Amino acid sequence: MAISDTGSRRMRRAAPRIPFGGWPEAGRATGRAAISAGWWCASLGLLVGFWELAWAVGWANPILLPPPHIFLADLTDQFRYFDPTGGRAGAMGEGGSVWSVLGVVGWTTMRVTVGLVLGFVLSLFVGVAIRYFDVVGKLTLPLVTILAPISPVAWIPVAVFLFGIGNAPAIFLVFVAIFFVMTLSTLTQIDQVPKEYIQLARTVGASKRQIYRHVILPAILPGLFVTLRMNLFAAWMVVLIAEAVGVGSGLGQVTMMARNTFNASLVFFTMTLIGLTGFLFDKAFGLIQRKVLWWVGPSNVGGL
Amino acid sequence: MSPGAPPEVECTRLSKGFDGGVEVLREIDLRIEAGRTTAFVGPSGCGKSTLLRLIAGLERPSSGAVEIGGRPPAETLRRAGLAVAFQDPSLLPWRTVRGNVELALKLARRRPRPRAVEDLIALVGLSGFGDARPAALSGGMRQRAAIARAMVTEPGLLLLDEPFGAVDELTRRQLAQDLPRLWEARETTAILVTHSIHEAVMLSDRVVVFSSRPARIVADVRIDLPRPRPAGTTADPHFLALSDRVSAALAKGMGDRADGLAAQ
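These protein sequences, in sequence, are chains A and B.
Numbering (my numbering) for the first sequence: 1 to 304.
Numbering (my numbering) for the second sequence: 1 to 264.
Hints may be right or wrong, so weigh each one.
Unchecked claim - Calculated cross-link-like contacts (lysine-lysine; reagent style DSSO-like; alpha-carbon spacing at most 30 Å): (1) A/Lys195 to B/Lys252; (2) A/Lys195 to A/Lys208; (3) B/Lys106 to A/Lys208.
Unchecked claim - Under 7 Å between C-beta atoms, here's a sample of chain B residues computed to sit facing chain A: (4) Leu30; (5) Ile217; (6) Ala219.
As the list claims (entries may be wrong) - So these bits of chain B aren't anywhere near chain A, every CB distance computed over 10 Å: (7) Glu23; (8) Arg78; (9) Phe86; (10) Lys106; (11) Arg149.
Think of the hints as simulated: they come from the structure by calculation, not from any bench.
Computed from a predicted model, the values in this text were never measured in an experiment.
Cβ atoms here follow ideal geometry from the backbone N, Cα and C, with glycine treated the same way.
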């Protein structure tokens, strides 16, 4: 049929737009990546340049604001402060290496990840239950609305009372930081599912359970992932505070130790690590998001 | 009654108003014969789509009642005895064309029928696009997929709300040839909302013409053209005469509104 022909031609023309679809396109993608990397370097270079200049001219005191060439000069010395077990808080460890730094970063990342997964799964569960069961909604919604605006910082003592010192309070605080927002977002997402989708399911006799499983759940996932990603940085901020107060290891603990020992170089080195880790975490999340939500065009996935 | 048998539809003193006092339908009495195709035509915004939604059980009447095969629409819904294709195809974006059609079967708690699904996809002219996602299709192709989805459960009652709106003229004519054959073979009661007089006369056994809001029935035209109706039917003098009657009734229904506005 003539119509199908034009349709398939359109498909064929659209095909190479899929990443890695063809050589010329891949070449152009590499070119674009190089340009993007160039701008990244320029953007970072701007900050480093100003900083180094300020140091060279004498505005920045090298003891309080050591520029990158100072705090990145003796890495092995910096590494000695990183002890993934947290056993030597406040003192230099013996023979710190790249691995001990990665260990510290790994622990912090683990706490963020576990907190995020728990928060995402439970908020989805609670949000759906609120809309699915009328009684659950009436009992839970006021509570969620009242607890949502309480800052995770206010939860710190509660976390320590409940879980003592260790991983649990940090994970709990990450959980608290996203749980209420994500629950409310789940509700909004459910309410925004196009009513035609639900009506069409109803006209063929679908049960409420079927509608939730086959229509509502897949329809709300893209929006929830976007909300989760926007709250990623909040989770990273909270975990550092939690580690500084209630864990005794991790990047937050190293930062606190650096502050207490007046080690400005270590402060900036740790900040660099935090920035890099957070950036990589966000990139990894973006990849997962695109894999899981393959039906949402790239333009719709949280500004990717 | 077996789930597939075409039911008759009866509307009794059916009225519908929305919040804010907009009266859409006023005391509609209408009986739609089982196994026939009936078209609703009327000026846009007159309430013919609302009537369709009332029959589908998606809206509650303000007063009066709808009965499908002697029972309320809710019961027909539960048995998956009817299917709707809206003006907006509303395909689920995370499912392929095939996935959307199959989901309708699954939600209706029917056994999977891969063969029938493929046949329907071919019938609406989407062969080769079963694995395509809605985002990759044109508006017309999406509407055709929505028609396949509506027909896959073999409903006794098929409600079509401007289903050919975004379909190009050529496909539209092809569908007008193929679809009636399909629902006649299975004796489906079909209701088609359209503002194309041509389509209404070509596809149906009866055309009900509505006035502008609040909708009243201004004409009820029996289309006694023999079936099947080949493309040449449009040149048939009887076809033209019937189209003229529908057209005149439509103008009269619109005229009522013009008079009403003049009187205000």
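Evaluated hints:
1. Restraint check for lysine 195 of chain A and lysine 252 of chain B: not satisfied, since their Cα atoms lie roughly 35 Å apart, outside the 30 Å limit.
2. Between lysine 195 of chain A and lysine 208 of chain A the alpha-carbon distance is near 14 Å, which keeps this suggested pair within the 30 Å criterion.
3. This hinted pair checks out: lysine 106 of chain B and lysine 208 of chain A have alpha carbons roughly 14 Å apart, not beyond 30 Å.
4. Interface restraint check for leucine 30 of chain B: the shortest CB-CB distance to chain A comes to about 20 Å, outside 7 Å, so the restraint is violated.
5. For isoleucine 217 of chain B, the suggested interface contact is broken, since its CB lies about 25 Å from the closest CB of chain A, more than 7 Å.
6. Nearest Cβ of chain A to the Cβ of alanine 219 of chain B: about 29 Å, over the 7 Å cut. The hint is violated.
7. For glutamate 23 of chain B, the non-interface assignment is confirmed: its Cβ lies about 23 Å from the closest Cβ of chain A, beyond the 10 Å cut-off.
8. Interface exclusion of arginine 78 of chain B from chain A breaks down, the closest Cβ pair being 5 Å apart, not more than 10 Å.
9. For phenylalanine 86 of chain B, the non-interface assignment is contradicted: its Cβ lies about 6 Å from the closest Cβ of chain A, within the 10 Å cut-off.
10. Here lysine 106 of chain B does not stay apart from chain A, with its beta-carbon only about 7 Å from theirs, under the 10 Å limit.
11. A beta-carbon of chain A comes within 10 Å of the beta-carbon of arginine 149 of chain B; the shortest separation is about 8 Å.
When each numbered hint is compared with the structure, violations occur for hints 1, 4, 5, 6, 8, 9, 10, 11.
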